[in-house]
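Chain by chain, the residues:
2 protein chains.
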Amino acid sequence: MSVIDSMGQKAKACKGKIAAASTAEKNLALMEIAKALRENCGEILKANRLDLDKARENGMSQSMLDRLALDEKRVENMAKACENLTGLQDPVGEIEGGSVRPNGMRITKVRVPMGVIGMIYEARPNVTVDAAALCLKSGNAVILRGGKEALSSNIKLAEVMRGAVQKAGFEPDIIQLVEDTSHETAQLMMRANGLIDLLIPRGGAGLIRSVVENATIPVIETGTGNCHIFVDESADLQMAVELTDNGKTQRPSVCNALESCLVHKDIAEKFLPMMKKRLDEHNVEIRGCNETARILGSCVVPATEEDYAREFLDYIISVKVVENVDEAIAHIAKYSTGHSECIVTNSLENAEKFQKQVDSAAVYVNCSTRFTDGEEFGLGAEIGISTQKLHARGPMGLRELTTIKFLINGSGQIR
Amino acid sequence: MSVIDSMGQKAKACKGKIAAASTAEKNLALMEIAKALRENCGEILKANRLDLDKARENGMSQSMLDRLALDEKRVENMAKACENLTGLQDPVGEIEGGSVRPNGMRITKVRVPMGVIGMIYEARPNVTVDAAALCLKSGNAVILRGGKEALSSNIKLAEVMRGAVQKAGFEPDIIQLVEDTSHETAQLMMRANGLIDLLIPRGGAGLIRSVVENATIPVIETGTGNCHIFVDESADLQMAVELTDNGKTQRPSVCNALESCLVHKDIAEKFLPMMKKRLDEHNVEIRGCNETARILGSCVVPATEEDYAREFLDYIISVKVVENVDEAIAHIAKYSTGHSECIVTNSLENAEKFQKQVDSAAVYVNCSTRFTDGEEFGLGAEIGISTQKLHARGPMGLRELTTIKFLINGSGQIR
Numbered sequence: 002m003s004v005i006d007s008m009g010q011k012a013k014a015c016k017g018k019i020a021a022a023s024t025a026e027k028n029l030a031l032m033e034i035a036k037a038l039r040e041n042c043g044e045i046l047k048a049n050r051l052d053l054d055k056a057r058e059n060g061m062s063q064s065m066l067d068r069l070a071l072d073e074k075r076v077e078n079m080a081k082a083c084e085n086l087t088g089l090q091d092p093v094g095e096i097e098g099g100s101v102r103p104n105g106m107r108i109t110k111v112r113v114p115m116g117v118i119g120m121i122y123e124a125r126p127n128v129t130v131d132a133a134a135l136c137l138k139s140g141n142a143v144i145l146r147g148g149k150e151a152l153s154s155n156i157k158l159a160e161v162m163r164g165a166v167q168k169a170g171f172e173p174d175i176i177q178l179v180e181d182t183s184h185e186t187a188q189l190m191m192r193a194n195g196l197i198d199l200l201i202p203r204g205g206a207g208l209i210r211s212v213v214e215n216a217t218i219p220v221i222e223t224g225t226g227n228c229h230i231f232v233d234e235s236a237d238l239q240m241a242v243e244l245t246d247n248g249k250t251q252r253p254s255v256c257n258a259l260e261s262c263l264v265h266k267d268i269a270e271k272f273l274p275m276m277k278k279r280l281d282e283h284n285v286e287i288r289g290c291n292e293t294a295r296i297l298g299s300c301v302v303p304a305t306e307e308d309y310a311r312e313f314l315d316y317i318i319s320v321k322v323v324e325n326v327d328e329a330i331a332h333i334a335k336y337s338t339g340h341s342e343c344i345v346t347n348s349l350e351n352a353e354k355f356q357k358q359v360d361s362a363a364v365y366v367n368c369s370t371r372f373t374d375g376e377e378f379g380l381g382a383e384i385g386i387s388t389q390k391l392h393a394r395g396p397m398g399l400r401e402l403t404t405i406k407f408l409i410n411g412s413g414q415i416r
Numbered sequence: 002m003s004v005i006d007s008m009g010q011k012a013k014a015c016k017g018k019i020a021a022a023s024t025a026e027k028n029l030a031l032m033e034i035a036k037a038l039r040e041n042c043g044e045i046l047k048a049n050r051l052d053l054d055k056a057r058e059n060g061m062s063q064s065m066l067d068r069l070a071l072d073e074k075r076v077e078n079m080a081k082a083c084e085n086l087t088g089l090q091d092p093v094g095e096i097e098g099g100s101v102r103p104n105g106m107r108i109t110k111v112r113v114p115m116g117v118i119g120m121i122y123e124a125r126p127n128v129t130v131d132a133a134a135l136c137l138k139s140g141n142a143v144i145l146r147g148g149k150e151a152l153s154s155n156i157k158l159a160e161v162m163r164g165a166v167q168k169a170g171f172e173p174d175i176i177q178l179v180e181d182t183s184h185e186t187a188q189l190m191m192r193a194n195g196l197i198d199l200l201i202p203r204g205g206a207g208l209i210r211s212v213v214e215n216a217t218i219p220v221i222e223t224g225t226g227n228c229h230i231f232v233d234e235s236a237d238l239q240m241a242v243e244l245t246d247n248g249k250t251q252r253p254s255v256c257n258a259l260e261s262c263l264v265h266k267d268i269a270e271k272f273l274p275m276m277k278k279r280l281d282e283h284n285v286e287i288r289g290c291n292e293t294a295r296i297l298g299s300c301v302v303p304a305t306e307e308d309y310a311r312e313f314l315d316y317i318i319s320v321k322v323v324e325n326v327d328e329a330i331a332h333i334a335k336y337s338t339g340h341s342e343c344i345v346t347n348s349l350e351n352a353e354k355f356q357k358q359v360d361s362a363a364v365y366v367n368c369s370t371r372f373t374d375g376e377e378f379g380l381g382a383e384i385g386i387s388t389q390k391l392h393a394r395g396p397m398g399l400r401e402l403t404t405i406k407f408l409i410n411g412s413g414q415i416r
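Each protein sequence line maps, in turn, to chains P and D.
The opening residue of the first sequence carries number 2 in the numbering used here; numbering runs sequentially from there.
The opening residue of the second sequence carries number 2 in the numbering used here; numbering runs sequentially from there.
These are computed hints drawn from the structure, not numbers from a lab.
It is possible that part of the hints are untrue.
Note that identical chains are pooled: a pair holds if it fits in a single copy or bridges any two copies.
[Claimed, not checked] Here are the simulated lysine-lysine pairs, BS3-like style, with alpha carbons at most 25 Å apart:
(1) Lys-13 x Lys-357
(2) Lys-13 x Lys-110
(3) Lys-335 x Lys-110
(4) Lys-55 x Lys-149
(5) Lys-13 x Lys-335
(6) Lys-357 x Lys-11
(7) Lys-36 x Lys-357
Owing to the predicted nature of the structure, the values given are computational and were not obtained by experimental measurement.
Pulled out of the complex, with its shape left as it was, chain P reads as follows:
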């Protein structure tokens, strides 16, 4: 039996109890996790330093190191996130609807946990805690497989959390970490039909593609964000500079960061130098079309097809000068990953057209794509951002980790 089979069996064996747990019992476990994280902060940071040292040796980029690094504040934020979850409404047991049929049968649609959730993710150790806490609150068992870069951190975090849930009266196996970070364990998780009810990959485009290509269990695609901003003819150009700068440079390593800027041809001469001046403060590399190069000069790297399709997650932005909103929409339809796109405009007509026709999870008018996030949207927490249309789209909270079930009560009705 493979390690994943064995973990899946263990999760299956204890999913019933966590599924049936009361909100109070689950909240108690979350408080225990928060407490344990604070108490073990020193050890967690020590484990994280092992990961960081190794990453630096391996020449990891600054933005990846930023994802990997923990400090006291980040551990405190993890603990706070667990505490905050106790204040959120528990979706499990909600009655979504129902009716008494003409024949007297009573139908009730109730919200129930998914069962066992698998998470495959990359270098951010906070995902280990976020995912475990969200699965716990929504009544699910979870199997976590983080990246090898964060292995020491994740082992320590899982150990701390397993101890805490046990203290709260649950089997520790409701939270399991796959310590073998080989390609094979990921593949096994993707095909764990009958053991894992839902698989959520969080990471770069390569991981997501691999999961989509290979998974035979239900999957939610998340987080690949080739996000666009379109600066329309009527845009407030100063606002457009702020939004582009914020989208690109405030935290370039995350999925809702901007990757591409489309500029209406009639304001390109004026806007592009303003944008460049601001982005220069962060040494952002500009990969642009011919027109961009004509306006901004030799600093512009010629953009390839690939650049327009790419999620840089770095201080790089692709730029294209377009005819109008229609060309912008068509460009987005061709290159976007369906995450978040923004139009900066003062035209009501173009704003509505853009929001109606752009087929992405979050479509913005005059605000930063960086807001596509569970907390910012008011969900209270987030396990990922879905870029597919099935089940969940955009930031996913507790409700998206549950499903429904029909209960039908009768007195001998037949058809």
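Could you slot chain D onto chain P? The hints should help.
Same frame as chain P, but now just chain D:
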């Protein structure tokens, strides 16, 4: 370019218009389809006779012939189903929620069509009309691939519907039928990433397994129903006979038909002969455990592991005598496909335990599993019955053919 690529491109090109259509425009198209079905009933039945003749030549079973056969009443029912859809609420454009955030950003969560839906199904030609009509009403373009057994019927039905939607002002390509029913076109549909937003297979276990194994686009597993009835110690035995008979024999070829009967050991001696007497009226073959054979005698075929896992879709039922409700629940956890299960009992405790612990889409107390159906549940219509937990579970109506999108409007907000 493959036939599926080409159809996918055509669907993609016209999905915008059907997605943006008003409810009135879509209802008009549905009325045109109903009218056209009635006007062309003779031709439809002629095409269906070609399919039936071929099927008989090929020795198709009676219950499969029942699925394939159309008559005036069935065509009239298809037309009526289209008309009925006009009375259902259109989920597209519904505002699911939203808020104004502390920074003044306005977030609106709106319901939108999926885009392009693919359907792969088997011998029932009515699915061609049902699926097209439901996709139309929910603002989606559809690519239909029925079974080769129903090809003549499906070609005629698609032709009639395409003419009707064109009359109503839509491009006929919002409804496309794959006429090449080779294995290859199904495979291509399963991997049509970027062209088909959602794939719904409807058919036997083999088809569903193949889709789950091979699809790289989002899928909803449907309809494999290894449905169980558990006759508890305290059951009203006459009711249990009625429910077993209804579940097994009223229409054995459908997914909510009963396939397996579990009997509490303390009432087995009394119940099994009653059950057998009733099932004998339909010559139902009983595949039972040793205890069943001891009680009912040599008419019982010994049940194999495979029999307990199988969806017979025929006048065959597997039977097992069990210790108690816990063994029944464990048996169901092992063999069920998660469709519909029923307990016949007078024990409130066992009824609640069964409904809580059985992890299936529909869990019944004292009524027939045959009710798992969109119409019977009051959804007004149904495109299939999901046996997965992602996105939809149980009977799926219009809402399950849509997704959501976040619209965010601001005035320069940054993070």
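How the hints compare with the structure:
1. Taking the shortest Cα distances, Lys-13 and Lys-357 sit within 25 Å of each other only across copies (16 Å), while inside one copy they are farther apart (43 Å).
2. Within a single copy, Lys-13 and Lys-110 get their C-alpha atoms as close as 23 Å, which meets the 25 Å cut-off; across copies the closest is 34 Å, which misses it.
3. Taking the shortest Cα distances, Lys-335 and Lys-110 sit within 25 Å of each other only across copies (24 Å), while inside one copy they are farther apart (39 Å).
4. Proximity of Lys-55 to Lys-149 under the C-alpha cut-off of 25 Å is restricted to the intra-copy arrangement: shortest distance 10 Å within a copy versus 58 Å between copies.
5. For the homomeric pair Lys-13 and Lys-335, the shortest alpha-carbon distance between copies (12 Å) is at most 25 Å, but the shortest distance inside one copy (42 Å) is not.
6. In the homo-oligomer, the alpha carbons of Lys-357 and Lys-11 lie at most 25 Å apart only across protomers (20 Å), although the nearest pairing inside one protomer, at 46 Å, exceeds that limit.
7. Taking the closest pair of Cα atoms, Lys-36 and Lys-357 never come within 25 Å of each other, the shortest separation being 46 Å inside a single copy and 32 Å across copies.
Comparing the model with each earlier hint shows a violation of hint 7 alone; every other hint is respected.
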